[in-house]
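K.L.:
These are the residues of each chain, in order.
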Amino acid sequence: ELKVEQNPLFLSMQEGKNYTIYCNYSTTSDRLYWYRQDPGKSLESLFVLLSNGAVKQEGRLMASLDTKARLSTLHITAAVHDLSATYFCAVEASWGGSQGNLIFGKGTKLSVKP
Amino acid sequence: GAGVSQSPRYKVAKRGQDVALRCDPISGHVSLFWYQQALGQGPEFLTYFQNEAQLDKSGLPSDRFFAERPEGSVSTLKIQRTQQEDSAVYLCASSSLALQETQYFGPGTRLLVL
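Chains A and B supply the protein sequences, listed in that same order. Residue 114, in the numbering used here, is where the first sequence stops; the numbers in between run on with no holes. Residue 114, in the numbering used here, is where the second sequence stops; the numbers in between run on with no holes.
Among the hints, erroneous ones may be present.
Stated by the list, open to error - In the EDC-like style, the derived pairs of lysine to aspartate or glutamate whose C-alpha atoms are separated by at most 16 Å in a straight line are: (1) K106(A) <-> E44(B); (2) K11(B) <-> D86(B); (3) K3(A) <-> E44(B).
Claimed, not checked - Chain B side only, calculated, beta carbon under 8 Å to chain A, not exhaustive: (4) S31; (5) T102; (6) Y104; (7) P107; (8) G108.
Since the hints were derived computationally from the structure, they do not count as laboratory data. The model shown is predicted, which means the values in this text are computed figures rather than measured ones. Each residue gets a CB set at the ideal place from its N, CA and C atoms; glycine is no exception.
Generate coordinates for the entire structure from the input sequences, incorporating the hints supplied.
P.N.:
Shown next, in the form of structure tokens:
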């Protein structure tokens with residue numbers, strides 16, 4: 001059974017600081033996704049990571065993937081209040097009868113304070 | 001173009017009532033997924049359609065849950081004899097294919113069973 005674990009689950013940051021969210025998964029997978037969810041809203045796709053060593057950056061967020069370690073990281077640089085949200089990593093189930101459904105972590109609730 | 005839409009956005013049901021939740025995927029998207037998101041948790045897979053065919057329903061929690069997509073576009077998730085534990089946000093996602101394509105999520109239907 002594929003499991004996805006994120007840590008920390010809660011993160012309170014000061015503006016201007018850097019931090020990293022970690023996502024571990026339990027079996028091989030071809031793709032890893034990062035989504036953002038604002039309170040009461042749906043999920044917004046941030047990054048899709050396709051291969052070992054993949055790194056993608058958008059603004060103050062940078063995601064990386066190490067398939068050998070089954071680890072992805074989401075690094076936040078010089079946090080601003082607008083980044084406050086819950087961040088989910090998800091891994092695509094692509095074996096047996098699975099047809100690409102996503103297995104999500106529990107999410108990391110990020111709060112950026114002035 | 002329009003994204004994934006869902007209706008109703010909010011639904012309050014008395015225990016034992018039947019409910020029907022609608023999803024309009026992005027036009028032309030072949031794949032459609034339903035997820036259930038409990039409060040404070042990540043989404044959990046319910047079922048998957050490729051066009052009108054329901055290829056995976058392994059995540060449906062009981063036989064009270066039923067989904068259909070008769071013409072390969074709009075989908076309906078029906079819950080019969082609702083129970084309090086069915087209270088959650090039900091998210092629909094679509095993608096142009098199944099495997100290895102980003103899933104785009106709708107705003108969700110928040111179901112509260114009293």
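K.L.:
All hints are to be evaluated individually against the structure, with a verdict given for each.
P.N.:
Cross-check of the supplied hints:
| no. | hint | in the structure |
| --- | --- | --- |
| 1 | K106(A) <-> E44(B) | holds (10 Å) |
| 2 | K11(B) <-> D86(B) | holds (12 Å) |
| 3 | K3(A) <-> E44(B) | holds (12 Å) |
| 4 | S31 | holds (7 Å) |
| 5 | T102 | holds (5 Å) |
| 6 | Y104 | holds (7 Å) |
| 7 | P107 | holds (5 Å) |
| 8 | G108 | holds (5 Å) |
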